[in-house]
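Participant: Residues per chain, in single letters:
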Amino acid sequence: MYFAIFFALIALTAVTVTISFFDLGRLNAVVALTIAVFKATLVILYFMHLRYSSRLTQVVVAAGVGWLFIMIALTLSDYLTRSWL
Amino acid sequence: MIPKQPRTHYLNISYGFKSWLFTTDHKRIGLLYLVSITLFFFVGGAFATIIRLELATPQGDLVQAETYNKLFTMHGVMMIFFFLIPAVPAVLGNFLIPLMIGAKDVAFPRLNLLSWYIFNLGALFTIYAVVSGGVDTGWTFYTPYSTTYSNTHVLATGVGIFITGFSSILTGLNFIVTIHMMRAPGMNWFRLPLFVWAHYATSLIQVLGTPVIAITVLLLAFERVVRIGIFDPALGGDPVLFQHLFWFYSHPAVYIMVLPAMGVVSELVAAFTRKSIFGYDLVAFASIAIAVFGFLVWGHHLFVSGQSVYAGMIFSFLSYAVAIPSAVKVFNWTATLYKGSVSYQTPMLYAFGFIGLFTIGGLTGLFLAAMGLDIHLTDTYFVVAHFHYIMVGGTIMAYLGGLHYWWPKISGRMYPEGWAKLGALIVFVGFNLTFFPQFLLGYMGMPRRYHAYPEEFQVLNVMSSAGASILAVGYILPMVYLIWSMRYGPIASSNPWPATGLEWQTSSPPPTENFEEIPVVTWEAYEFAGQE
Ligand code: HEM
Ligand SMILES: [Cu+2]
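Residue numbers (the working numbering), protein chains in the order written: chain A, 1 to 85; chain B, 1001 to 1532.
Worth flagging that the hints you see were computed from the coordinates, not collected in a lab. In this text the structure is predicted, and so the values were computed from the model without any measurement. Treat the hints with care, as some may be off.
Stated by the list, open to error - On the chain A side, residues computed to face chain B include the following (Cβ under 10 Å):
hint, residue
1, Phe-3
2, Phe-6
3, Leu-9
4, Ile-19
5, Phe-21
6, Gly-25
7, Leu-56
8, Val-60
9, Ala-63
10, Met-71
11, Leu-76
12, Ser-77
13, Asp-78
14, Leu-80
15, Thr-81
16, Ser-83
By construction, the Cβ of each residue, glycine as well, lies at the ideal position given by its N, Cα and C atoms.
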């Protein structure tokens, strides 16, 4: 199991590196971040045992990630719309 | 008659400094916090005194502009981080939550003690900053001033706040686990006193929000010391980002200050109307709603900062939404009075003070949350009046009300009712005389944070300074008679009001382990019927 995850992470790293050779324009950051988030999720779920932890632990982690999301989303609501006017 | 055996309780079970400094008893830790924050309150108050003296005349004659900047900064830092945030949770919350839920202690007693040490360590850094020359950025530490231009003790103050934040996180964590795990048999969630619900909501904010201010202060320090570009445009940063991060914590932090105070008021209103709080469930959920929505409105502090208008519209709308649960509470307390048998003892006077002043503070918050009006009012005395109505008129009123209400439980003695009523009256009058004129001044355009002002503002400023001296008397008076009462006050019974709640079912002061035997709860919160 851990090996499977390990190889998945290696493979995803390889994907990131490969993609970095292509210029996708605005998608550059989007693709890189999507892969990174996916990898982080794998690490948290398996290497950090979140999948097998108690419901309470899962709720706590979800809340933390959720709050990070709030912070980023509402902050971006400023940065992304500044140029509209 | 049986000769009276002196009963052992948490205060007389052991004596000496060591027995206090190494205690893990939540009640004693609450009192340790009481001593610390009272000290910091008077330090912060001393700064306020000089500020009000300076503002008695239009000229900047008492202190220089630079000194004035330091005074209002240190006033704000002391009062917010070292008094208001810990006031209700760390003192009353620590003392009462285990008692109210029928537990022997909090879930992590040693962590609890640690939090007090961390708190004081942080305070030491900040006090070092104060005595070695002060800091002048405002309690808000806005960049680029704080990172690039200010040559005062920004770092030491920042480190102090960084450290103190951990005590807040630990307290919050402790309360969450305690409320989840330590409730007595039968004490289900909807039998909890509303004080406990309010603290649960507060703890959520402390745990989810405080790390953000810690990181923000850290980034500020990095930029100040090694000039990495986070906030400075010249280095590729963005100064408004600081305001986003700062207020992501600091708006919710205003609810850290006011939610527990609302919890106190719920207890007081129930006890002195002898009724269950109208709409218990709604008030309980309103606390949680405030905690969650409180995180979505920070941008209302950035309306004139260069924040996008569209973001401003979102934040303005959400700020109106957060007023709803606050209003729910005010209406429910008021509805509780209806047909209640209201008695006007000191704690209830403070509760009335809270309800009225918080309402004014909250409503003026809505003025400020309107983007157009805020352009006129921002950075004026109107804002200063707004938040003092909530934090001083609201939180400190509730804190004093709670301190009086639970004083018999804490000390085993009654406070002198006559003096206490007089004190409550002085606080109320002094408070309004100090801060109401500031609404008018702000509306007329007097900016905040200046040590001099045009002649025509003098009358209102003199009123404000006069009010401040009355308010000071109102704060010193309770300190004097509460200390006096520890020795000379009449002995309190276990339930002097009489009120519901498990804390009143054990003796006053309670034994170290709180209850002779763990209570089994078979009744609802605030069930006054049948108790007579
Ligand atoms: C009813 C909900 C509330 C609303 C809609 C509201 C709205 C606002 C707005 C829009 C401002 C910014 C004004 C400006 O700088 O131009 C402000 C400032 C402030 N509010 Fe409130 N507020 C509310 C409740 C509270 C509460 C409960 C507290 C404290 C316990 C509080 C404390 C503060 C503080 C400290 C500031 C000034 C911060 C500074 O710049 O130094 N507010 N409020
Ligand atoms: Cu705010």
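Participant: Would you mind marking each hint as holding or not holding in the structure?
Facilitator: Verification of the supplied hints:
no.	hint	result
1	Phe-3	violated, 34 Å
2	Phe-6	violated, 30 Å
3	Leu-9	violated, 26 Å
4	Ile-19	violated, 25 Å
5	Phe-21	violated, 26 Å
6	Gly-25	violated, 22 Å
7	Leu-56	holds, 8 Å
8	Val-60	holds, 9 Å
9	Ala-63	holds, 7 Å
10	Met-71	holds, 5 Å
11	Leu-76	holds, 9 Å
12	Ser-77	holds, 4 Å
13	Asp-78	holds, 4 Å
14	Leu-80	holds, 8 Å
15	Thr-81	holds, 4 Å
16	Ser-83	holds, 8 Å
Figure legend: structure checked against the earlier numbered hints; hints not met, in rising order: 1, 2, 3, 4, 5 and 6.
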